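Q: Take the sequences, apply the hints, and build the full model.
2 protein chains.
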Amino acid sequence: MPKKGSKGLGKKEGSTAGDGLALRKLLRVPGGKPMDLAAHDSREMPAGPRDRQAGLAATTDLATPLADLQERLWAASTAGDRRRVLLVLQGMDTSGKGGTVKHVIGLFNPSGCRVHAFKAPTPRELRHPFLRRIKKALPQAGELGIFDRSLPHARLRSRGGTPIEDVLIARVRALAPAAEIERRYDEINRFEKALTGDGVTVIKCFLHISYDEQRDRLLKRLDRPDKHWKFNVSDIDERALRPAYQQAYELALERCSTPHAPWYVVPADRKWYRNWAVSRLLLEHLSELDPRYPKADFDVEEARRRLLEQ
Amino acid sequence: MPKKGSKGLGKKEGSTAGDGLALRKLLRVPGGKPMDLAAHDSREMPAGPRDRQAGLAATTDLATPLADLQERLWAASTAGDRRRVLLVLQGMDTSGKGGTVKHVIGLFNPSGCRVHAFKAPTPRELRHPFLRRIKKALPQAGELGIFDRSLPHARLRSRGGTPIEDVLIARVRALAPAAEIERRYDEINRFEKALTGDGVTVIKCFLHISYDEQRDRLLKRLDRPDKHWKFNVSDIDERALRPAYQQAYELALERCSTPHAPWYVVPADRKWYRNWAVSRLLLEHLSELDPRYPKADFDVEEARRRLLEQ
Numbered sequence: 001m002p003k004k005g006s007k008g009l010g011k012k013e014g015s016t017a018g019d020g021l022a023l024r025k026l027l028r029v030p031g032g033k034p035m036d037l038a039a040h041d042s043r044e045m046p047a048g049p050r051d052r053q054a055g056l057a058a059t060t061d062l063a064t065p066l067a068d069l070q071e072r073l074w075a076a077s078t079a080g081d082r083r084r085v086l087l088v089l090q091g092m093d094t095s096g097k098g099g100t101v102k103h104v105i106g107l108f109n110p111s112g113c114r115v116h117a118f119k120a121p122t123p124r125e126l127r128h129p130f131l132r133r134i135k136k137a138l139p140q141a142g143e144l145g146i147f148d149r150s151l152p153h154a155r156l157r158s159r160g161g162t163p164i165e166d167v168l169i170a171r172v173r174a175l176a177p178a179a180e181i182e183r184r185y186d187e188i189n190r191f192e193k194a195l196t197g198d199g200v201t202v203i204k205c206f207l208h209i210s211y212d213e214q215r216d217r218l219l220k221r222l223d224r225p226d227k228h229w230k231f232n233v234s235d236i237d238e239r240a241l242r243p244a245y246q247q248a249y250e251l252a253l254e255r256c257s258t259p260h261a262p263w264y265v266v267p268a269d270r271k272w273y274r275n276w277a278v279s280r281l282l283l284e285h286l287s288e289l290d291p292r293y294p295k296a297d298f299d300v301e302e303a304r305r306r307l308l309e310q
Numbered sequence: 001m002p003k004k005g006s007k008g009l010g011k012k013e014g015s016t017a018g019d020g021l022a023l024r025k026l027l028r029v030p031g032g033k034p035m036d037l038a039a040h041d042s043r044e045m046p047a048g049p050r051d052r053q054a055g056l057a058a059t060t061d062l063a064t065p066l067a068d069l070q071e072r073l074w075a076a077s078t079a080g081d082r083r084r085v086l087l088v089l090q091g092m093d094t095s096g097k098g099g100t101v102k103h104v105i106g107l108f109n110p111s112g113c114r115v116h117a118f119k120a121p122t123p124r125e126l127r128h129p130f131l132r133r134i135k136k137a138l139p140q141a142g143e144l145g146i147f148d149r150s151l152p153h154a155r156l157r158s159r160g161g162t163p164i165e166d167v168l169i170a171r172v173r174a175l176a177p178a179a180e181i182e183r184r185y186d187e188i189n190r191f192e193k194a195l196t197g198d199g200v201t202v203i204k205c206f207l208h209i210s211y212d213e214q215r216d217r218l219l220k221r222l223d224r225p226d227k228h229w230k231f232n233v234s235d236i237d238e239r240a241l242r243p244a245y246q247q248a249y250e251l252a253l254e255r256c257s258t259p260h261a262p263w264y265v266v267p268a269d270r271k272w273y274r275n276w277a278v279s280r281l282l283l284e285h286l287s288e289l290d291p292r293y294p295k296a297d298f299d300v301e302e303a304r305r306r307l308l309e310q
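Those sequence lines, one after another, are chains Y and V.
All residue numbers in the first sequence are consecutive under the numbering used here, ending with 310.
All residue numbers in the second sequence are consecutive under the numbering used here, ending with 310.
I should point out that these hints are in silico values taken from the structure, not numbers from a laboratory.
A portion of the hints provided could be inaccurate.
[Unchecked claim] One side only, chain V facing chain Y, incomplete, derived with CB under 8 Å:
#1 Pro-243
#2 Arg-304
#3 Arg-305
#4 Gln-310
[What the hints assert, rightly or not] Reference listing, derived: stretches of chain V covered by chain Y, where coverage requires no fewer than 3 residues with Cβ under 8 Å from a Cβ of chain Y:
#5 74-80
#6 211-222
#7 284-298
Being a predicted model, the structure only gives us computed values, none of them experimental.
No residue lacks a Cβ here, since even glycine has one placed at the ideal position from N, Cα and C.
A: Now the structure itself:
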């Protein structure tokens, strides 16, 4: 378990989770209360590094403790520990889900990571309960799973990708009746509660960017021919729906931020801060899990003697 | 396509694939000829960096071009390019398959990587044709797939993991009759030929370590309590079977190194050299694929104008 003695923000934020900093307390969405995303500054830095250089260094500092914790989680699973971690990344177009996977998940050993980018459901998937394809993509014991809602909303012709999207898109596009959407919130909460009961630590991050930052990022994609493939003209139409999406997100965050599986709003206008914050959230959760290397179940001296004889 | 003008070994080995170095020609197993692994020095450095420091630097230098090529492969897939890459890692216990994934695949964007560690087949899988579970784990268009034969032989109670293992273990342990094993070689070759016809570049690496290096690595695992979980006492018994395994590997390499899907023998006693060599092989293949960013299929100026109006 991380040391919890010091309550103040540690001086070495980012280096260990035992420094008293609890970013998750600062970013956590209090469930059940009305949620106002406009009141969340997407350039806010509630804790941790204050500028880009310090942010990059702090994230780099997290690489070793994160990889160490991941190895311990994996090692423990070989001795029957069923625990695993699921990172859910959500956010508007250009909010940086892909960049987060590249820079944050890139700090981990790829062997133990299972990245799943949800695309629009196939006709076959649409015939099944909406959580079914989620279940199939869950991390196994010892793994770090990542759900990246990958496609821009516009390309999702009908229902979306991750559970929250199945309520979001359905709401904004009026694809499902309100009662059905309410029923889905409850279903998501029950599902996530069952997951946590089954050893899954669920970390849900909403990458929060401003309307202006989104325009800047879209314009940058237009400036670079090697980024044109990421651009979809319908992204522009979707921006016009931003108030509706924002409302839908607010409701989903409010309804589905639960004690067992809270949502975190990550200020994401600054990419380096976003990367540090998500890395830090992972560190805090993994430190709390405190997975242990299994003890040898064989005679070490005997094994050494036999090897030396070969 | 990489420049092929210079035939000599480039001075900046490792920085681009256009430097005239063709490591794959040097490491490639000539199929159909008798194969003698004992004649391959597992400490050999047929090209590239000559010492650890230069090796680490050369591998780091490959990170940017590899990530760039991977992004281009992925981007091309969004425009219908079906091509993808499959890296197969094989080798005796402690040969460094896991370390290769960590250090080489760690250079790539995790989003486009699909690592599959094959475990012993389930009873259900055993009832199906032996290539079935391989097909299910193949990379999708634009992806880099990695097959890591993950479990030590000893833990594979019956048939093994990857196709080659289904012949290896079967041969060493006499689990399948010789005729059945011969039939499987042919089936593997036909399967891999179909894969390459379907846009899959297959890169098969045999990580070659010496008997002494293997003992040293096993002893090191015993020295460190945080490595005991990787140790299995039956690994010691398996070492006694090394001549049989080596023969089985030789036959498999000889029978399954084909023009469309050759095997490469990677000298793997030096971890830094192994990592550089596998990275370099990936670079050479990806450079040859030369994936391109798709051109914009929309009016860039019009999109810019509309965005600026929002």
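Q: Are the hints correct? Go through all of them and say.
A: Okay, the hints, checked on the actual structure:
1. Pro-243: violated, 13 Å
2. Arg-304: holds, 5 Å
3. Arg-305: Where the cut-off is 8 Å and the nearest Cβ of chain Y is about 10 Å from Arg-305 (chain V), the hint is violated.
4. Gln-310: Cβ of Gln-310 (chain V) sits 6 Å from chain Y, so the hint holds.
5. 74-80: Result for this restraint: holds, n = 3.
6. 211-222: holds (count 4)
7. 284-298: Per the Cβ count (5), the hint holds.
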